[in-house]
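There are 2 protein chains.
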Amino acid sequence: VKKVPEGVIERLPLYLNGLLQLQAQGRKTVSSKDIGDLTGVNPAEIRRDLIHFGTFGTKGIGYPINHLIRTIRKILGSDHSHQIAIVGGGNLGSAIANHSGWSRHGFVVAAVFDTDPRKIGTVVGGVRVSDVALLREIAGQEEIKIGVLAIPAEGAQLTAEMLVDAGVEIILNYTSTIVQLPARIQVHNSDPITELLYTLHYLTTTEPIA
Amino acid sequence: VKKVPEGVIERLPLYLNGLLQLQAQGRKTVSSKDIGDLTGVNPAEIRRDLIHFGTFGTKGIGYPINHLIRTIRKILGSDHSHQIAIVGGGNLGSAIANHSGWSRHGFVVAAVFDTDPRKIGTVVGGVRVSDVALLREIAGQEEIKIGVLAIPAEGAQLTAEMLVDAGVEIILNYTSTIVQLPARIQVHNSDPITELLYTLHYLTTTEPIA
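If you're matching them up, the sequences are chains A and B in order. Residue 13 in our numbering sits at position 13 of the first sequence; the count goes up by one each step and never skips. Residue 68 in our numbering sits at position 68 of the second sequence; the count goes up by one each step and never skips.
Take these hints with a grain of salt, some might be off.
Listed next, the stretches of chain B that the computed footprint assigns to chain A, with coverage defined by at least 3 CB atoms under 8 Å from CB atoms of chain A [as the list claims (entries may be wrong)]:
{"hint": "1", "stretch": "65-78"}
{"hint": "2", "stretch": "146-153"}
{"hint": "3", "stretch": "170-181"}
{"hint": "4", "stretch": "185-196"}
What follows is a set of in silico ranges between Cβ atoms, one per label pair, in the way DEER data are often shown [as the list claims (entries may be wrong)]:
{"hint": "5", "chain 1": "B", "residue 1": "T204", "chain 2": "A", "residue 2": "P5", "range": "17 to 23 Å"}
{"hint": "6", "chain 1": "B", "residue 1": "P64", "chain 2": "A", "residue 2": "H67", "range": "37 to 43 Å"}
{"hint": "7", "chain 1": "A", "residue 1": "H67", "chain 2": "B", "residue 2": "V108", "range": "35 to 41 Å"}
{"hint": "8", "chain 1": "B", "residue 1": "Q23", "chain 2": "A", "residue 2": "A183", "range": "24 to 30 Å"}
{"hint": "9", "chain 1": "A", "residue 1": "K33", "chain 2": "B", "residue 2": "T115", "range": "16 to 22 Å"}
{"hint": "10", "chain 1": "A", "residue 1": "S103", "chain 2": "B", "residue 2": "H52", "range": "29 to 35 Å"}
{"hint": "11", "chain 1": "A", "residue 1": "Q180", "chain 2": "B", "residue 2": "H67", "range": "22 to 28 Å"}
Not everything, but these chain B residues come out facing chain A in the computed CB check (under 10 Å) [as the list claims (entries may be wrong)]:
{"hint": "12", "residue": "G93"}
{"hint": "13", "residue": "S100"}
{"hint": "14", "residue": "H201"}
Bear in mind the hints are in silico, worked out from the structure with no lab data behind them. Computed from a predicted model, the values in this text were never measured in an experiment. Backbone N, C-alpha and C fix where the C-beta goes; we use that ideal spot for every residue, glycine too.
Based on the sequences and whatever the hints tell you, model everything.
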């Protein structure tokens, strides 16, 4: 598979979710219009994107859905398994650990960590919660490259540094803290409040205009 | 406040989080370099962004932090209160409802809904969980414009439509389902798996290169 431009890669997870929805409905082939209707992306753009990785549809029939899913997974890197560590065994960490989609996308929740002695030893998402003091050791053993911060904002920076020390390269940060890490580390911020702040200005205002 | 370009608005929530972190450390003034160090944005770009809304720093002193925070909040629309409904009173909904940052940003979790009779009537994040059958009525009464989908993927489309019927304009979707709604509705997808799929290709591979 040759190098796919960044802009194309940004749309692939969306296409993949759309294709999985259509596959679950029993579809064997899919047109760029089908994917477009579901994802809101222009079908012409979808066709241009798919050509980048040598996938060509057949006129009037479309793309074979299983092949397309396999190809996208290969490009994204979700065609093989990735171990994840979740730091925080509270409501949020539990919800993430119990997500039903992990195994379907090749992810394995390999470890859950907490500092609270009442949580350590309990089972969350099928995994026994470990003391965060063992993070480095366990993350190394399990070859964990992905970490999820599901903890209060105050502990985010220190915990993120611990994850990086343990070999983690991708962090999904559910706190509002901006964590400062080496540039090679990919941090995806998922704080619900920050996400809402991006969209508030779209609200139709009902207030008198000054 | 005059019209601020979309590209600038996209960086404001990041600046705001950075400024709140610096304010919590007792800072009264802040330079573009301080904000840049924290957020990873180039200081020259920050200065250009801030000029868009008529905020000028003083050379050698910087920007007054409280004024800057107030201005950004005004532009984002988080300077006044917004009511939120969370659909799903499970682990994820509870975690979101219990987020400590809502009130600081002017958000009020006004309602939590569930379909499970064992959850209805219990208290989550200080709010009594209501039957989802009452969504339209309660969302109308509470003037709720923002909805959070914290439910299993299967129910996402139908529940999103219920939220829109009830007057919601912004949806934070924590499921992997692509919901199809009128274009005027802002949907922000926050499924952890989809978010990780965007970054997987950055992982340094330890596999033999073919």
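So, going through the hints one by one against the coordinates:
no.	hint	verdict
1	65-78	holds (count 4)
2	146-153	holds (count 5)
3	170-181	holds (count 6)
4	185-196	holds (count 9)
5	B:T204 / A:P5: 17 to 23 Å	holds, 20 Å
6	B:P64 / A:H67: 37 to 43 Å	violated, 59 Å
7	A:H67 / B:V108: 35 to 41 Å	violated, 48 Å
8	B:Q23 / A:A183: 24 to 30 Å	holds, 26 Å
9	A:K33 / B:T115: 16 to 22 Å	violated, 34 Å
10	A:S103 / B:H52: 29 to 35 Å	violated, 46 Å
11	A:Q180 / B:H67: 22 to 28 Å	holds, 25 Å
12	G93	holds, 8 Å
13	S100	holds, 7 Å
14	H201	holds, 5 Å
Hint check: violations occur at hints 6, 7, 9 and 10; the rest are consistent with the structure.
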